[in-house]
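There are 2 protein chains.
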Amino acid sequence: MNTADLGLPVDVPSTALFTDQYELTMLQAALKAGTAERRSVFEVFTRRLPEGRRYGVVAGTGRVLDAIENFRFDADVLGFLRERNIVDEQTLARLADYRFSGDVWGYPEGEVYFPGSPIMRVEGTFAECVLLETVILSILNHDSAIAAAASRMSSAAGDRPLIEMGARRTHELAAVAASRAAYLGGFASTSDLAAGFRYGIPTVGTSAHAFTLLHDRERDAFRAQVDSMGRGTTLLVDTYDVAEAVRTAVEIAGPELGAVRIDSGDLLLVAHRVRQQLDELGATGTKIIVTSDLDEYAIASLAAAPVDAYGVGTQLVTGSGHPTCSMVYKLVARAGSADPGAALVPVAKKSTGGKTSIGGRKWAARRLDEYGVAEAEVVGTGAVPAELADRQLLVELVKGGDVVAREPLDAVRDRHVAARGNLPLSATQLSRGEPVIPTEYVNGRSGNRAGA
Amino acid sequence: MNTADLGLPVDVPSTALFTDQYELTMLQAALKAGTAERRSVFEVFTRRLPEGRRYGVVAGTGRVLDAIENFRFDADVLGFLRERNIVDEQTLARLADYRFSGDVWGYPEGEVYFPGSPIMRVEGTFAECVLLETVILSILNHDSAIAAAASRMSSAAGDRPLIEMGARRTHELAAVAASRAAYLGGFASTSDLAAGFRYGIPTVGTSAHAFTLLHDRERDAFRAQVDSMGRGTTLLVDTYDVAEAVRTAVEIAGPELGAVRIDSGDLLLVAHRVRQQLDELGATGTKIIVTSDLDEYAIASLAAAPVDAYGVGTQLVTGSGHPTCSMVYKLVARAGSADPGAALVPVAKKSTGGKTSIGGRKWAARRLDEYGVAEAEVVGTGAVPAELADRQLLVELVKGGDVVAREPLDAVRDRHVAARGNLPLSATQLSRGEPVIPTEYVNGRSGNRAGA
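From first to last, the protein sequence lines stand for chains A and B.
Numbering follows this note's numbering, in which position 345 of the first sequence is assigned residue number 345; successive positions increment by one, without gaps.
Numbering follows this note's numbering, in which position 344 of the second sequence is assigned residue number 344; successive positions increment by one, without gaps.
Identical chains blur together in the list; that is why a pair holds if it fits in one copy or across any two.
With a cut-off of at most 25 angstroms between alpha-carbon atoms, the simulated SDA-like pairs for lysine to any residue come out as follows:
1) Lys350 - Ile252
2) Lys287 - Lys350
3) Lys350 - Arg219
4) Lys32 - Tyr240
5) Lys350 - Arg247
6) Lys32 - Arg223
7) Lys399 - Tyr98
8) Lys287 - Leu302
9) Lys399 - Ala338
10) Lys32 - Glu256
Because the hints were derived from the structure by calculation, they are not lab data.
Since this is a predicted model, take the numbers as computed values, not measurements.
When you get a sec, could you build the whole thing from the sequences and use the hints?
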């Protein structure tokens, strides 16, 4: 099947269309003005964390690399741009040849970040860098928002596994990216088959209330499920009366019953009752999974309850109150001419009324205290102080247009655990607060010509 | 280019993977139990509107129809399910032949809805209907959330056009659906090229701060833009000093300057100052576009300001505080046997602790008062009262597996304006409140065998 037949926006033939029109009109104007080839440095950063959050989580980097690699304007796209008269023929010719040939550095995926952290830096000609703004921000803003929520939930859950089950609460393809972000933020599995297919994330699932309602008696449904999936399955026990369902479940599956799932009611109370009942019935190994409108606070409040796993939907895929980050992609330095050797000049918006930036190509390092715990995010221009040289955060991701830093999702997941574990303990407190470490700016002598 | 090379989740070969695993395991268990062929009725509804909202907006219906039509399990997908051992061979064989052959009725896209409105009804065998749950909910929950925010913003904006520019704040493909939902909710255009490509939505865009910063002087940037795009373009005037930028803009473009854009600061104050300055400079026809972190409240607060158009990003694509709806897909009736002629039995979850539903296949009608204004959403089972017969809301969307109700997006957009206009005036008040009309339930005699 041709994906163009899907009737979904998946027939977009290239990531190049995930772009705001003004990126193209800026290119056209710069080409005409002779400024399009000026060497330019764009940085992705955020001026603040979502209110009350202690740290951010970098997520989506791997998807950004894929998007850059596939950012091409094919005949269909060029035909669309021509037909709509969006840019002129000179610009179309330039787009037809587009291939990013610059460099990208960034925080490795899974790292934590803070206000002002230069999360990603894109360097090349203005022409090639400006076009990437929209797709880079779409991916990082979405995925990082989900990963931040996932990270808080996984802190709250401790050793108990978290199941991502929010596909039905968000756009069908955002759901796939959300599963990926949840996994890197500490979730164990997903209900979303597309996420399993695309990213190899473990998938889980057994049955819904509809399955119980389909059958004439709850007992028939349980019997059918155990016959089909074995005694190790998870039976959903809150369609009618929970106590009766638990009794029936153990009667049918025996004490080898894998788990019961509770999807409504006062979970703390019900979990305790169900645990006691299971134990009395001899099903001491049967687990309890809860899945009703959980967020990190609800998960934390169940820490003392006899719960073995959590399923999280809505609050995960909507970033638990913060469905996007406020990452921006800003020109921070550019050459004064199109000469490839021209010096870079730091630039920044300066208007009053907020949205100011700090110009210049930046480095970042995380300073540790004597116990090896992070104590500051240090961001600077110019030379990196010697004592921070081995604590630098940016790594090379794309070199001369070639992706050089692909990595498996499990490595990203491990990195996040390590990065979070290196923060002060209060990072994982759920209560609202300031970023757990401050961001310090160091304005060194101009090092804008130097590599990172 | 093969979209499988995109490295994005667009290489999902079918909408059938946008599915929670339990839909498939339920199918397997039902096949084994002999209950998979029981005729079943599933309904999509929501138990409540997002807090404070007066009405909901049905959006995504057209995308759902596409998703159903393309819901197929091809060799790649079946291979994945087999390799992961998700379902058995009997179930795989069934999936290989899957094609929805049932009926779908629903509120036409663009209609308003209320708690309990049967927004969509899917009828067929349990086997064919249960699998569609996840993708239907993903689409409707996402698109309706965006459309509801768009509708409130367009009420607040009155006759002033709204530009959707939130692509960078959400998943790159969710952004395309968000543009579509925004357009049907009353927006005039989008910055997102993919939305223009896929749905024919008008696209707009001129330049960002980066373009001004690229040039040695703001004047050079303005000159370059006017040279490239003509005097009718929109110049961004808040990179440095707004008053100076406006002076320079009119100096370069003359009074024919199309518009200036303000993206930071106190918009009410700045808009007044800029309007006065433009008028003094003779640029009385030059428009003012504002674009800084707007939501429906900010738009309303600018009603008396000399603003000609609004650009909205973050708050649109995140549903202005409500990024998802709480629509569910519930089995409300099913046959007592696999006999195609067997009577339908209403079913509903009955456990205490919330999440209860009303069983039975439902009709819905909007009752009008003597002035033709909506006064109640009437939802019932059984026969439709004669006085409501011509006010019924559900229309046939899929008949025997064939989509029968495709329509252009502009028709959907017009329908929304009409539907909203038929509500009591308080519907468009932005302040928090109850649903603007109540939902009344009518339990008629059993009509579960009858057509809609």
